[in-house]
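S.K.: Kindly produce the complete structure, drawing on both the sequences and the hints.
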Amino acid sequence: MSSFSLKGSPELHLARESMAALGFILFVFTSACLALQIYCQVSDTADLSTVWASRVPDHILAGYKQAVDPCLVRVLDIDPDRANFFGAGFYCVFPCNTFIFGVYAFTYSFSNPQLYEEYSVLVVWSANRGRQVRQNATLSLTGTGDLVLQDADGSIVWSSNTSGRSVVGMNMTESGNLVLFDHDNVTVWQSFDYPADALLPGQRLVAGKSLTPSMSFDNLTISSQFNFTVRPDGVYAFAGYQEPQLYHRDTNPSSASGRKRQTYVVLKNGSLNLGVSAPKDKVEYVMYSLQISRSLQCIRFESDGHLRLYEWTNDKWSVVQDILDPDQCNYPTVCGNYGICSGGQCSCPVPRSTNVTYFRQIDDQRPNLGCILDTPISCQSMEDHQLIEVHNVSYFNYIDQNAEVLTDEESCKKACLGNCSCHAALFQYDKDGLNGSCLLVSEVLSLVGSSPGIAFLKVQITKPPQWVKNRRVLLLPYTLGGGTAALILFVIVFAVIRWRRNEEEADEDEFGELPGMPKRFSFQLLKVATKEFSSKIGEGGFSSVFSGELDDLIVAVKNLHRAAQGTKEFLAEVQIIGGLHHINLVRLIGFCSEKAHRLLVYEYMPRGSLDKWIYYGDNKAPLDWHTRRKIISNIAKGLSYLHEECRQRIAHLDIKPQNILLDDNFDAKVADFGLSKLIDRDQSHVVTRMRGTPGYMAPEWLTSQITEKVDVYSFGVLVMEIIYGRKNLDYSQPAGSIQLISLLQEKAKNGKLEDLIDRNSEDMHTHKDEVIGMMNLAIWCLQSDSSRRPAMSLVVKVMEGERQVESNLEYNFFDLSALNAVPVGEPNLSTVPIASALSSPR
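Quick note, the sequence shown lines up with residues 1 to 842 if you use UniProt numbering.
No wet-lab data here; the hints were simulated from the structure.
Worth double-checking, as some hints may not be accurate.
In silico lysine-lysine, DSS-like type, Cα no more than 30 Å apart, as pairs [claimed, not checked]:
(1) K630 to K612
(2) K268 to K316
(3) K519 to K531
(4) K752 to K797
(5) K612 to K316
Here are the computed distance ranges between Cβ atoms for each label pair [what the hints assert, rightly or not]:
(6) Y194 to D250: 20 to 26 Å
(7) S277 to D322: 55 to 61 Å
(8) S342 to S421: 27 to 33 Å
(9) G208 to D430: 29 to 35 Å
(10) S224 to I492: 15 to 21 Å
(11) D327 to A495: 30 to 36 Å
(12) A152 to L553: 19 to 25 Å
(13) L553 to E594: 33 to 39 Å
All C-beta atoms in this analysis are idealised placements derived from N, C-alpha and C, irrespective of residue type, glycine included.
M.R.: So, in structure tokens, the structure goes:
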């Protein structure tokens, strides 16, 4: 009998080598997982009914900058020195207070773990940049095939909305695409269809989709100032907070129109292609040739408006090419608002043929932050608006294709002066020098210097006194006497100014020592805390808000552009505001009053203002009913405190979603009550100038007879916006649906309130009865007759179940018959005791 053996056979050697290679890969991969302190599967696939939770990895606690905690991992390449991966799962940046769920490419160096710290992780897709979750949030691939992200409190943050579509599993592909697939391995949902701010090779950005940048590598919060989008005829890039302004376009000459055609952008074969596909033909046009290599590459749209090509080399991501335009001066924010870019240098506008300066730099040490007007433009004084000419400048890299064609400069200037929202008119002649293109803009971004064109910039001019206008008619004999009088007057004024300055310094010292006064900060300290005011998180007509850090505490610093009061009045108001303490009011931490600088330091609210959460966009899950109800309750309690629990009643006068801020737990706090009105307890109302925001103002504003009940009316409007998920005034709606309160009036009369429940939220319809009850409470607050509206303390009791909503409510929310017939116009302050106004600019 002969024996049979594989000893020494080629098959055995091949098998042994394969097992050894597999063992090596598993060993190194497991070592990487342990080194990174991540609980990852040695797999790129997950089955149904799997749950992952966010947590703070140990290496973050040890001081590392970035943290990845993958649910799925695709190994791209691995050797004894390092390993490169695509991961899908949780990601955070030190100190890991919040997390995103996304796809990222990352590397780990076994020989030098410090390489893990900087630019070795690049997030290429994320589901919840706009609403980051906290520790112990969960990601679930449910038994019904839906991928769901829930915050730690159980609220749904994001969903793939694939329940019931035969999903059997999830896969992380080697191209960086997160895929949900069915029994036939057919893709049901993929992350490539929902780009965030990046494109990987082979990923298409189709018409109707956009890239919206994150603030930075370290701050993944969405920056809404820029947008890169695909349209049927090409790609467009826009900039601007207030209105989208086109700064780049590239069209495809082959993009013929057709119903079944689809325009797209794709990164492949070393170029960024603009393509048009159809059932029977496919045409692609190379927009930009790129520097290619064999390393992994990614295109990223960034917060400065640049589209950059990144390449993964030497265990980190590096920029290898700026795609859109190599000229830095052609980018809208390179020199900030009103800044002129010339040769890479930034300066402020200087009008032609005059020595008067109207602009100054925000920070002399950082001219790229832009310029501001010495006197802000006010629509209340349009007669004082003038246009100054700045020659040899253009706007971005061309005049907008939608600009009006006007025959002369005067027509362009007249069009801007007649429109208060216009802050600049850009004029450029055609090649023949006969006609010109006039572009009107309401938000002036960076200008391009050393270019053909004229900028007419709107400024606010303070009229000189009458005796200055008539000075030429003074007779010569009186000149000497006038000069002597002027000298005497100068001495008197100088003495008064010196005396007032000494008095203000004394006042500052006096108020700085008062008990209960908020903490006082120096201007230099706040410059350092905000990194020289570099991270802007908000802006109003008279102020800008920046994030900063004071003793490891993140704060929001409001820089008031113009001091409307003296030091004594400002400090008195700070003392009043600082004395208001309630869990549902944004807390004033401190202030700065130093020469012309007026700054307020508030607690930082990480989730921003309410309008970002109730007016949601594509691929952003709506708030559930529990969260919405909590927000409404928080607002009611904050207003109740202002109206009834302070020594003086405080009417906010501008309740709207932008003035409601949210913390990590979606607890709401009322902000900007510094513009409120103090009402003595023995006063029934005050007379004040009309203020507030259209769409939220109560009918009695027409009479100038104002009580805190105007806030109750605004609260009712706000409740309906939260429930329905849209603005009260929405001019994109059909003519009969522009005003939400009009719709409410109609639905209430016809008993169809259910029609106004947010259609995008199943959870809201699950709690239909509670939601309709909240609508009835809003209707009570919207009564035209202010005396029939409930006090905010009564609103709180209704929400806590201690009271019922009043019956026999009126459904005509715009009935003016109950109002006193008081002429509209300048109020007569002598007829009513004057109340002190808190007037810190927004």
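S.K.: Each hint: holds or not?
M.R.: Comparing the hints with the structure gives:
| no. | hint | in the structure |
| --- | --- | --- |
| 1 | K630 to K612 | 17 Å, holds |
| 2 | K268 to K316 | 21 Å, holds |
| 3 | K519 to K531 | 20 Å, holds |
| 4 | K752 to K797 | 26 Å, holds |
| 5 | K612 to K316 | 34 Å, violated |
| 6 | Y194 to D250: 20 to 26 Å | 23 Å, holds |
| 7 | S277 to D322: 55 to 61 Å | 28 Å, violated |
| 8 | S342 to S421: 27 to 33 Å | 28 Å, holds |
| 9 | G208 to D430: 29 to 35 Å | 34 Å, holds |
| 10 | S224 to I492: 15 to 21 Å | 52 Å, violated |
| 11 | D327 to A495: 30 to 36 Å | 54 Å, violated |
| 12 | A152 to L553: 19 to 25 Å | 22 Å, holds |
| 13 | L553 to E594: 33 to 39 Å | 21 Å, violated |
Of the hints listed earlier, those the structure fails to meet are numbers 5, 7, 10, 11, 13, in rising order.
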